[in-house]
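Trainee: Each chain is listed here by its residues.
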Amino acid sequence: MTSQPEILASDALHHVTFTVNGAAYEIDVPARRLLSDALRQDVGLTGTHVGCEHGVCGACTILMDGRPVRACLLFAVSVQGASLTTVEGLGEPGDRLGPVQQAFKECHGLQCGFCTPGFLTTITAGLRENPDPTEEEAREMIAGNLCRCTGYQNIVKSVLRAAEIRRESGGA
Amino acid sequence: MKPAPFSYVRPSTLDEALAVLAADPHAKVLAGGQSLVPLLSMRLAQPSTLVDINGLSELAYVRTDENGVRIGALARHADVESDADAWRVQPLLRQALRLVAHPTIRNRGTTLGSVVHADAAAEMPAVVSLLGAQVLVASTDGRRTIDAADLFIGPLECAVGTHELALELQVPALGRRTGSAVDEVARRHGDYALCGVAAVVSVGESGAIETVRASYLSVSLTPLVLDLSEAFVDGSASDANLEAAAEIATAGVDPETDIHATADYRRHLAGVLTRRVVRDAYTRAVAPDPEGAR
Chain A
1 MTSQPEILAS
11 DALHHVTFTV
21 NGAAYEIDVP
31 ARRLLSDALR
41 QDVGLTGTHV
51 GCEHGVCGAC
61 TILMDGRPVR
71 ACLLFAVSVQ
81 GASLTTVEGL
91 GEPGDRLGPV
101 QQAFKECHGL
111 QCGFCTPGFL
121 TTITAGLREN
131 PDPTEEEARE
141 MIAGNLCRCT
151 GYQNIVKSVL
161 RAAEIRRESG
171 GA
Chain B
1 MKPAPFSYVR
11 PSTLDEALAV
21 LAADPHAKVL
31 AGGQSLVPLL
41 SMRLAQPSTL
51 VDINGLSELA
61 YVRTDENGVR
71 IGALARHADV
81 ESDADAWRVQ
91 PLLRQALRLV
101 AHPTIRNRGT
111 TLGSVVHADA
121 AAEMPAVVSL
131 LGAQVLVAST
141 DGRRTIDAAD
151 LFIGPLECAV
161 GTHELALELQ
171 VPALGRRTGS
181 AVDEVARRHG
191 DYALCGVAAV
201 VSVGESGAIE
211 TVRASYLSVS
221 LTPLVLDLSE
231 AFVDGSASDA
241 NLEAAAEIAT
251 AGVDPETDIH
261 ATADYRRHLA
271 GVLTRRVVRD
281 AYTRAVAPDP
291 EGAR
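Listed in order, the protein sequences are those of chains A and B. Residue numbering for the first sequence follows this note's numbering, starting at 1 and increasing by one per position. Residue numbering for the second sequence follows this note's numbering, starting at 1 and increasing by one per position.
Since the hints were derived computationally from the structure, they do not count as laboratory data. From the three backbone atoms N, C-alpha and C, an ideal C-beta is built for every residue, glycine too. There may be inaccurate statements among the hints.
Label pairs and their in silico Cβ distance ranges [what the hints assert, rightly or not]:
1. A:C112 x B:R187: 36 to 46 Å
2. A:C149 x B:E210: 51 to 61 Å
3. A:P5 x B:R98: 36 to 46 Å
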């Protein structure tokens with residue numbers, strides 16, 4: 001018979017360590033702290049936006065070990081040891097825009113900008129998997145993210161332009 | 001929208017996880033959490049303790065042999081979807097997983113978790129019901145296997161006990177001269193389907209249809225499987241036979257009206273989709289190169 005592991009009270013703080021955009025963080029959070037809130041409140045990176053908070057809108061999408069995930073559908077305590085990338089980590093050295101950011105700027109891929117962090121992370125991972133998407137594949141790539149301003153046309157153009165920029169720069 | 005407080009434990013062994021579940025009937029297992037976390041955030045569920053099994057990396061596997069595919073509790077949808085061996089042996093898994101939410105959700109959500117979440121509007125419960133899959137569960141009392149036919153008790157309710165942990169989904173291989181297909185209609189890409197149908201069609205040596213079975217989602221309280229074989233007595237996939245199969249389907253489903261669609265519309269979709277997926281599954285069953293037809 002295995003003894004039960006120690007279970008902390010529901011208001012106890014858990015010590016969690018992970019890296020965000022290459023920097024190590026240690027935070028103490030209650031078990032119920034969503035990763036989206038932990039990134040904004042405990043880590044202090046407010047680029048990750050919280051929209052619907054139940055996994056539908058995609059605004060809080062970040063990369064965990066390179067794969068896009070919804071930060072609002074994860075508990076911070078559950079990603080112990082993970083390597084996270086938020087929108088703050090998508091730029092190039094020297095404060096230059098990354099290829100997806102540059103494409104959004106060129107193609108007017110945003111208006112109010114609330115949904116943009118989730119699109120940028122999703123497309124960054126999507127282009128790693130499929131560096132040369134067709135327009136249909138570009139639409140498929142962003143199908144899990146909601147934008148209420150643009151009508152998506154310029155976001156689709158941004159995906160295709162970002163693929164071009166990546167190719168021109170020898171793939172990032 | 002924040003979850004109510006809960007205790008949290010991340011066991012490092014399966015035995016530890018089972019000990020916690022045995023001691024606390026209000027504990028809940030956290031695997032991918034893509035269905036559970038929204039329920040917690042909306043406070044539709046308030047478990048006392050979350051037993052986070054993400055530390056049990058030995059449960060993150062997809063294993064395939066000629067008999068079928070075994071999917072561990074921590075295998076993400078994306079892992080199963082991209083597994084070439086699983087695709088070869090049981091193509092309906094990938095066909096259906098492509099309809100589960102969006103890729104971002106599939107990166108974290110687990111296939112077995114989706115099964116035991118037992119949502120009759122979801123794809124995987126319908127698929128495991130159609131294929132006659134089994135779920136291996138463990139508790140401090142030992143292990144047992146639950147047949148898909150006994151798994152789904154009611155809406156969001158399955159036969160895995162509160163003291164049990166679902167360890168492995170066991171999906172049989174698609175038989176010889178057999179094709180599968182799945183399709184659904186949703187308001188938006190990645191939304192829950194208004195109606196969805198998965199079908200498996202088997203043909204004899206001559207290519208004549210022998211059995212046709214179909215599984216329906218979003219049109220009943222638990223996944224519904226219908227045997228449509230009687231519509232194909234002459235063995236052909238003629239329009240008249242497909243229409244007869246669609247009539248069995250529309251008579252057999254029991255949809256409800258909600259804000260997304262009326263019951264009549266869902267019933268209509270069940271017929272339309274039945275014709276469509278049975279034809280596709282038949283085409284794959286008679287394809288000379290089954291690999292290519294997938």
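Trainee: Indicate, hint by hint, whether the structure satisfies it.
Mentor: The hints, checked one at a time:
1. A:C112 x B:R187: 36 to 46 Å: At 24 Å between Cβs, range violated.
2. A:C149 x B:E210: 51 to 61 Å: The hinted range 51 to 61 Å holds for C149 (chain A) and E210 (chain B), with Cβ atoms some 54 Å apart.
3. A:P5 x B:R98: 36 to 46 Å: 38 Å, holds
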